[in-house]
Amino acid sequence: MLAYTLQRIFQSAIVLLVVGLVAFSMFRFVGDPVDNMLGQERTIEDVERLRGQLGLDQPFVVQYFRFLEGAVQGNFGVSYRQGRPVAEILLERAPATLELAAVSGFLAIGFGIALGVFTAIRRSGFAANAIMTVSLIGVSLPTFLIGILLIYLFSVELGWLPSFGRGETVKIGNWSTGFLTESGLKALILPAITLGLYQMTLIMRLVRSEMLEVLRQDYIRFARARGLRERAVNFRHALKNTLVPVITVTGLQLGSIIAFAIITETVFQWPGVGLLFINAIQFVDIPVMAAYLMLISVMFVGINLIVDMLYFAIDPRLRADRTGAH
Amino acid sequence: MKQTHIMTTPILSIRNLTVDIPTRHGVLRPVNGVSYDVAAGEILGVVGESGAGKSMAGNAVIGLLNPPAHIASGEILLNGQRIDTLPRDEMRRLRGKQIGVVFQDPLTSLNPLLRIGDQLTETMLAHLDISPSEARKRAIAALEEVGIPGAAQRVDSYPHEFSGGMRQRVVIALALCAEPSLIIADEPTTALDVSVQAQIIALLKRLCRERGTAVMLITHDMGVIAEAADRVAVMYAGQLAEIGPVREVLAAPIHPYTDGLMGSTPLASRGKDRLHQIPGAMPRLDALPPGCAFHPRCPYTQDDCRADPGPRIEDGAGRAACFHPISRTEVA
Numbered sequence: 001m002l003a004y005t006l007q008r009i010f011q012s013a014i015v016l017l018v019v020g021l022v023a024f025s026m027f028r029f030v031g032d033p034v035d036n037m038l039g040q041e042r043t044i045e046d047v048e049r050l051r052g053q054l055g056l057d058q059p060f061v062v063q064y065f066r067f068l069e070g071a072v073q074g075n076f077g078v079s080y081r082q083g084r085p086v087a088e089i090l091l092e093r094a095p096a097t098l099e100l101a102a103v104s105g106f107l108a109i110g111f112g113i114a115l116g117v118f119t120a121i122r123r124s125g126f127a128a129n130a131i132m133t134v135s136l137i138g139v140s141l142p143t144f145l146i147g148i149l150l151i152y153l154f155s156v157e158l159g160w161l162p163s164f165g166r167g168e169t170v171k172i173g174n175w176s177t178g179f180l181t182e183s184g185l186k187a188l189i190l191p192a193i194t195l196g197l198y199q200m201t202l203i204m205r206l207v208r209s210e211m212l213e214v215l216r217q218d219y220i221r222f223a224r225a226r227g228l229r230e231r232a233v234n235f236r237h238a239l240k241n242t243l244v245p246v247i248t249v250t251g252l253q254l255g256s257i258i259a260f261a262i263i264t265e266t267v268f269q270w271p272g273v274g275l276l277f278i279n280a281i282q283f284v285d286i287p288v289m290a291a292y293l294m295l296i297s298v299m300f301v302g303i304n305l306i307v308d309m310l311y312f313a314i315d316p317r318l319r320a321d322r323t324g325a326h
Numbered sequence: 001m002k003q004t005h006i007m008t009t010p011i012l013s014i015r016n017l018t019v020d021i022p023t024r025h026g027v028l029r030p031v032n033g034v035s036y037d038v039a040a041g042e043i044l045g046v047v048g049e050s051g052a053g054k055s056m057a058g059n060a061v062i063g064l065l066n067p068p069a070h071i072a073s074g075e076i077l078l079n080g081q082r083i084d085t086l087p088r089d090e091m092r093r094l095r096g097k098q099i100g101v102v103f104q105d106p107l108t109s110l111n112p113l114l115r116i117g118d119q120l121t122e123t124m125l126a127h128l129d130i131s132p133s134e135a136r137k138r139a140i141a142a143l144e145e146v147g148i149p150g151a152a153q154r155v156d157s158y159p160h161e162f163s164g165g166m167r168q169r170v171v172i173a174l175a176l177c178a179e180p181s182l183i184i185a186d187e188p189t190t191a192l193d194v195s196v197q198a199q200i201i202a203l204l205k206r207l208c209r210e211r212g213t214a215v216m217l218i219t220h221d222m223g224v225i226a227e228a229a230d231r232v233a234v235m236y237a238g239q240l241a242e243i244g245p246v247r248e249v250l251a252a253p254i255h256p257y258t259d260g261l262m263g264s265t266p267l268a269s270r271g272k273d274r275l276h277q278i279p280g281a282m283p284r285l286d287a288l289p290p291g292c293a294f295h296p297r298c299p300y301t302q303d304d305c306r307a308d309p310g311p312r313i314e315d316g317a318g319r320a321a322c323f324h325p326i327s328r329t330e331v332a
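Heads up: the protein sequence lines correspond to chains A and B, in order. Using the working numbering, you'd call the opening residue of the first sequence number 1 and step up by one each time. Using the working numbering, you'd call the opening residue of the second sequence number 1 and step up by one each time.
These aren't lab readings, by the way, just hints derived from the structure by calculation. Just so you know, these numbers come straight off a predicted model, no measurement behind them. Glycine included, every Cβ here is placed at the ideal spot set by N, Cα and C.
Away from chain B, derived, C-beta distances all over 10 Å, residues of chain A:
hint, residue
1, 22
2, 88
3, 110
4, 145
5, 175
6, 283
7, 303
8, 312
Straight line, CA to CA, 27 Å or less: simulated DSSO-like cross-link-like pairs of lysine-lysine:
hint, chain 1, residue 1, chain 2, residue 2
9, B, 205, B, 97
10, A, 186, A, 171
11, A, 240, B, 97
12, B, 137, B, 97
13, A, 240, B, 137
14, B, 137, B, 205
Using C-beta positions, here's what the derived DEER-type ranges look like:
hint, chain 1, residue 1, chain 2, residue 2, range
15, A, 231, B, 312, 41 to 47 Å
16, B, 68, A, 245, 28 to 34 Å
17, A, 209, B, 66, 18 to 24 Å
18, B, 66, A, 245, 22 to 28 Å
19, B, 312, A, 319, 54 to 60 Å
20, A, 185, B, 150, 53 to 59 Å
21, B, 220, A, 229, 32 to 38 Å
22, B, 66, A, 145, 38 to 44 Å
23, B, 70, A, 231, 20 to 26 Å
24, B, 81, A, 231, 25 to 31 Å
25, B, 132, A, 245, 28 to 34 Å
26, B, 304, A, 231, 51 to 57 Å
Just need the whole structure built from these sequences, with the hints factored in.
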């Protein structure tokens with residue numbers, strides 16, 4: 001198990017190095033930052049001086065290692081547009097995205113698993129079939145359209161919920177939270193549903209098909225033949241066996257909730273890192289874009305690492321410390 | 001000895017059991033008017049080719065027929081009480097408590113994610129009024145009884161940590177842990193090595209003798225029947241062909257199908273002669289011939305066999321369902 005963990009961490013590190021290379025290449029190949037910073041009126045001497053200051057006269061490899069050195073310490077340079085350290089801007093924006101992603105993730109996993117199990121157990125019932133049909137809509141509608149429809153219904157027509165922003169936030173240390181105020185919670189509802197709906201239907205359909213597969217297995221038949229209660233058969237025996245493949249996909253989905261919050265944040269003008277990234281693209285703010293890229297890949301890799309560890313917790317067959325003779 | 005089981009009520013009694021599967025192309029009848037009894041402490045071997053309806057009859061007894069299959073007519077009695085009409089929840093209480101089941105493949109019968117001790121205790125707690133710690137003690141005792149070495153440590157192992165034969169021992173412990181009066185063993189040795197098969201059969205035999213458990217042993221292996229069963233029921237195309245004490249049926253079968261089946265079983269004593277084959281194959285359920293289902297393959301077929309389904313073995317009366325049973329006095 002320890003060897004496996006170390007191996008996975010090593011692999012994660014390599015992935016991050018490659019992503020780092022891509023992020024770093026943006027500085028060199030997407031326009032010359034010196035051009036952007038000095039503008040039209042400049043002398044050759046100015047350019048040379050700035051290149052020296054920024055270390056751009058160094059060989060490629062040296063520059064890459066400097067970039068990595070900075071990135072590891074959380075130093076991604078200075079935003080071209082705002083003139084402030086990128087790390088500071090990201091930290092300021094991160095709570096909004098993380099809170100939104102957390103709420104969406106809970107919605108997606110909670111409702112996804114519950115509805116998936118329900119539709120698998122009552123697979124010929126009316127309610128189950130209705131849920132399956134509706135879920136098709138959830139899978140096929142694009143996120144921005146769901147967001148706009150929700151805004152139209154609940155903000156414009158009914159006027160119950162705000163259509164943009166985070167509402168009032170409360171500062172706890174460096175973390176600004178919307179969980180503690182009424183307007184903050186209200187503002188969270190529509191974006192969270194928009195962001196989580198697709199993932200929820202996906203998880204639901206996955207849980208359902210896996211569960212139907214597991215319910216056909218011999219050990220489920222044997223559990224029934226032993227006279228166990230239907231509830232024990234469904235949840236203790238079937239659901240646990242369903243979770244292994246579900247966790248894989250769910251892990252990836254949670255990563256994409258954070259990564260693709262961009263669209264939802266744009267629709268709802270949610271002041272998170274996704275919106276920051278969109279604005280950064282408009283202004284070719286490369287340090288911000290590179291840092292965002294790194295941040296997202298760290299999250300993806302981290303979540304995947306956790307998922308791989310979860311397998312061990314659930315499936316005893318994977319644990320290396322085998323005691324039994326075979 | 002034979003008189004005792006006529007006087008006492010049998011543990012399991014199947015009367016004219018018929019199982020139907022409605023399909024788009026008409027109703028299939030995998031079990032057709034079958035009757036037999038299993039007495040306490042007795043092992044009844046149910047033998048037949050694949051698709052003869054032997055497992056389907058077993059599933060009907062435990063109330064786990066896969067829909068749309070259902071019991072169309074007949075009665076199933078357990079200890080003299082009718083069980084085929086019980087509501088679902090009462091039937092569930094009966095399974096495991098009164099009727100234990102052993103399935104064919106021990107590799108897939110156990111939940112891979114639960115410790116075997118947990119699977120044992122959950123079964124006992126579902127049926128017996130005992131505390132979890134008492135259940136754990138009994139789980140260890142049950143594992144010892146089925147011959148798992150180091151049961152006290154192995155109780156916390158997962159199924160993948162056992163070999164196939166050991167897993168089938170665990171399955172047997174699971175089937176017996178709530179002390180049922182009837183065990184239905186559906187091909188319990190088919191998936192095992194030959195050397196392990198004999199051990200499992202001996203174990204099943206010993207445990208059931210000790211407790212007086214009735215056993216319905218479903219198999220297609222005549223060797224297993226000869227080894228374990230007291231009586232044998234031969235099934236063909238959903239019907240009972242012949243039933244009787246195992247020695248009589250195996251040594252001197254009177255139904256032509258049983259005769260053919262015995263002739264096609266390799267025996268060391270018979271030397272190197274070519275094995276006999278029954279010509280043709282068992283008819284598909286949607287293409288049963290008129291008259292006796294066996295007549296197209298039977299060497300003794302006469303006109304009445306083609307016209308009439310033939311006699312039936314009603315409870316206890318008769319040994320073979322055949323118009324023209326082989327007369328052993330002539331042969332001998």
